[in-house]
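Here the protein sequences line up with chains A and U, keeping their order.
Position 163 (the first sequence) corresponds to 162 in numbering that gives the first Met the number 0; numbering is contiguous.
Position 534 (the second sequence) corresponds to 533 in numbering that gives the first Met the number 0; numbering is contiguous.
Heads up, some of the hints might be wrong.
[Unchecked claim] Only pairs whose alpha carbons sit at most 25 Å apart, straight line, appear in this in silico DSS-like list of lysine-lysine:
#	chain 1	residue 1	chain 2	residue 2
1	A	K432	U	K16
2	U	K564	A	K573
3	U	K134	U	K64
4	U	K450	A	K568
5	U	K573	A	K432
6	U	K432	A	K545
7	U	K107	A	K565
If you're looking for bench data, these hints aren't it; they were derived computationally from the structure.
Since we're looking at a predicted model, the values are computed, not measured.
Protein chains: 2
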Amino acid sequence: METENKIIKNRLEQLRKKMKENGIDYYMIPTSDFHNSEYAADFFKTREYFCGFDGSNGTLVVSDKEAGLWTDGRYFIQAENQLAGTGVILYKMGEEGVPSIDEYLEDKMNLGEVLGFDGRVVSAEIGEELEKRLKNKKAEFKIGKDLAEEVWTGRPALPCHDMYVLSDELCGKSFKEKLNDVRAKMKKYGTSMHLLSKLDDIMWLTNLRGNDVECNPVALSYAIITDDMFILFVQKEEVTDEVRAYCEKNDIVLKEYAEYAEYMSELVFTGNVLFDKRNTNYLTFKLLSDKAKAAGFETVDKKDPTELMKAVKNETELKNIREVYLKDSAKLTEFIYWVKENVGKIPMTEYSAAMKLDGMRAQIPGFIELSFPTISAYNANAAMAHYEATEDNAAEVKPQGMLLVDSGATYMGGTTDVTRTIVVGEISDEIKKHYTATVSGMLELADAVFKDGCTGRNVDIYARRALWDIGIDYNHGTGHGIGYMLNVHEGPQGIRWKYAEGASEALLKPGMIVSDEPGVYIEGSHGIRIENIVEVVSRNENEYGKFYGFDHLTYVPIDLEAIDKKYMKPDAVKLLNEYHKAVYDRISPLIEDENVKAWLKDATREI
Amino acid sequence: METENKIIKNRLEQLRKKMKENGIDYYMIPTSDFHNSEYAADFFKTREYFCGFDGSNGTLVVSDKEAGLWTDGRYFIQAENQLAGTGVILYKMGEEGVPSIDEYLEDKMNLGEVLGFDGRVVSAEIGEELEKRLKNKKAEFKIGKDLAEEVWTGRPALPCHDMYVLSDELCGKSFKEKLNDVRAKMKKYGTSMHLLSKLDDIMWLTNLRGNDVECNPVALSYAIITDDMFILFVQKEEVTDEVRAYCEKNDIVLKEYAEYAEYMSELVFTGNVLFDKRNTNYLTFKLLSDKAKAAGFETVDKKDPTELMKAVKNETELKNIREVYLKDSAKLTEFIYWVKENVGKIPMTEYSAAMKLDGMRAQIPGFIELSFPTISAYNANAAMAHYEATEDNAAEVKPQGMLLVDSGATYMGGTTDVTRTIVVGEISDEIKKHYTATVSGMLELADAVFKDGCTGRNVDIYARRALWDIGIDYNHGTGHGIGYMLNVHEGPQGIRWKYAEGASEALLKPGMIVSDEPGVYIEGSHGIRIENIVEVVSRNENEYGKFYGFDHLTYVPIDLEAIDKKYMKPDAVKLLNEYHKAVYDRISPLIEDENVKAWLKDATREI
């Protein structure tokens, strides 16, 4: 018999009281900050507070009668355990017969009942979907209040860390120049105001950085751009003297982050407003739509102009990125040597190995923070998509099999991301076959030549060819964009193969950088991923058009102990040898330890 | 000074008189039959009758004051010559400052004026575009009358040829079975009536064939499908006793083709109507929309259900296709031998060579007709996209350079399409480089392995890789579907690379057949195209999904005289040798002449 979870039950009762006070029949709590960032800070973990489930994906819906939690297959077991005794019902997303939240609400809500949620943590898309779904129920929406505010005692504070300024020399383009480009786009779309909610876009545009989201060097912020004004909403406590002086010099009007919604609701519109629905929360979306309508203007939903500008790195950014990637590659190379030298000799776990690597990276001059929590996964653990070793729960790395390490950092001069799967002992012939095919894929994609007009969908097949040839696939995209001293996952470009009717694809353009990361995941046995970051470069231009290719940014040896030439096409062998020659030529000058250098020479030998 | 073209001027005057009688201010004459078929019969060449220009693409617009002809870059010179003295103004489509027809009409038409055209020869899309464009002009549309009817003396008759019945054994699926599948789709879309206007879809569905469109074995027809009726509109004179008996047996209600519009306008709708806007002319589209609206029902615009059913060939069709392709391949092989043996010895022109090949094909048992006019182009002529040799205007084929031959036929059992570029004498090293890359592309695409969910855009890059590597591209798609005893160009699948936002792409599915035809076109010098037809086949199915590949249907030697291994990757050399071995194994048993057989042995030797 399960014990009652009185703490959670009590919290839910308090919430229900608040719901009643506010005339709310159903209250929905998803997991997001106000900007749909990749990581939500503790302040935003309201759902965890009210039900106890702490997985990364989950939405709680509470009514007078019941409470339900929706989560996906990764978390079914964990959620069952954590919800035990709370009375909260687990809705297993994707399982047959299990209603989605929309369906649940449509089914349960009575005519004219009220749905409440904090409109800042729900995307415009999901909000609109709910509107449509509950239209027949004549449901009312109350989205202006975060009910947790009055209930959650001891709630962690909103993240609030000092912002800092990047020099124009480091960014290659000043804020004012970037702003001119954005204003030109606003004009092109016939708009005189532009609302920007996406944190990395705001950071890129202002050449400012912050530290409010885990692993993302961004400050919680909104920006309103007009033809003659630039208003930046940030927490005043984050504004250092340096930042204040910079803003004054650049005519950036600073306003308090918390006052953004009020400011918006009082703003008088004088023209059409440009915004990007994908990056706008539902509350902002409703405010914008209502106010534009009231003033007789239109909201123009287009991709944020900053998105593409940010994705195509400028010459300064590229120069810095190339340098940073060499340093980062050299450090990872030293780490691989360390693993191979020490495995079986010293105590080593997935976690301690990750700590070792993180520590080594932190020694690189200009290191700011990790670009994401280092993934360190041993043998079968590497086959699990979202495996995360913790200090208390990490496998011991023994001299047998392989250790997959996916890691990166943000430095002054760039953000890195790289995966290597390191042989630490004996491996089977099957593993070699899988490893060799993965490496072939990574190298063949990087070797692609493609014309202007191509998107990631045109070239993805190169990364998968060797795997598809042997009837294997990986269930994730091949590549994502990477920010410049910004988020490790950045759009709009990507390398994926699946067709979705009507889906938008971004053209690959010189100056974009993108990951190239095929893999093999055999449940209960092993996981392999090899990830390089590559830069889109111009190869040729003639009467047939513009021809592009990729240059490697990552130069880290690929483990020859797991390569068997009999599983490799001659063309791929050639690519591997060429790559390894380049690795040695570029990385060995950065490595001081003669033992590592000698090892690198051998590790990059021609096969 | 140019001479006045009194004939044309007189015809235009007569047209203007009719326009006046009918209250029409502007009259538009495009070039199409009522079904947007690939080839328009002489009956439909109204535009040529009224202005003298006989290119394949052109639209004439006539008003009281002036007449203008719109055509594209291929025809600028020809149009200028043919319009001389007619007073008709040439509008060069795509040139800067030249208005489109929409723009022209928007500019010229006065408020409330009347635009007329035969609504049967204008697509729904173009008609709607005009509506939108001329809304502000409050333009009225008169689309019910073909004014040429009363003016064009000696007009060729509407094509009218005997229809014939294909046996269920030949088709693999009876009309009734296919009809059930279509009705299931109608039900799925919530419709109780379906209008089908696309000729090859109607032929595929009924297992009937006709001969009303050049090279397409189709009869001019419409079909109306309800839950319990199938009405086929054809010209009564085309209905042979065999066809009549077949229709009776299959509950196909025959009605007169000419009475279709009247029938439609009197039809009482009893439910929603399924149609495919892409395949519907503007008159039909308006009739459907108006009548559905009047009856309180909806028109459901979806892809014709027949399109995908027709594209995925059944086992019987595939078996017959494979056989037919072998016979066709053997014949083309004999032709290549004939060209090589006779060039420089007998008089040979592009035209006479094509005649020779057409005659050879006609000897194959089951030959019905060519699937398109044979393209035979020598040296530089092969670089021209729409080059067509005629008896009076054909280059002499000399023992120097290459002859490109793109050809095919419809037989009892399938429709073929194949291109080979034949070396007839000395060729440069550059040509060998281009030829070798083209061949690599054709073979590498055919070697693709791809997952269920892929479209042509995922694999196109394989056909272009070798060319893009050397900075060359071809300005056409890589592949199109092919009908079964039907049109040589058939949707919905295709192999193309260019991304177009929102464009629909068809998934590649086993049973589809598709062309694989990369090429190189160097203006003033040479043109190369190598085209095989391949079949999508299942290769593997496991926990990662369904893996597909292509099997060749075409087995014709690739000219080794133009291959230089130094321009070929080792993997491609292997593919070429494998392909040539298969060519010899499969084709040599079909070749009786020992000389040809001995030549074939050499022509398919390992390199």
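Would you mind confirming whether the straight-line C-alpha gap from U/K432 to A/K545 stays at or under 25 Å? holds (21 Å)
Assess, step by step, whether the Cα of U/K564 is no farther than 25 Å from the Cα of A/K573, and give holds or violated. holds (17 Å)
What's the verdict on U/K107 and A/K565, does the C-alpha distance respect the 25 Å limit or exceed it? violated (71 Å)
Hinted pair U/K450 and A/K568, Cα distance within 25 Å: Distance of about 21 Å is within 25 Å: holds.
Regarding the pair U/K573 and A/K432, is the alpha-carbon distance no greater than 25 Å? Roughly 21 Å between the alpha carbons, so the hint for U/K573 and A/K432 holds.
Could you grab the alpha-carbon distance between U/K134 and U/K64 and see if it respects the 25 Å cut-off? Judged against 25 Å, a Cα distance of about 22 Å means the pair holds.
Could you grab the alpha-carbon distance between A/K432 and U/K16 and see if it respects the 25 Å cut-off? Violated, at about 79 Å.
The structure does not agree with the numbered hints 1, 7 stated previously, though it agrees with the rest.
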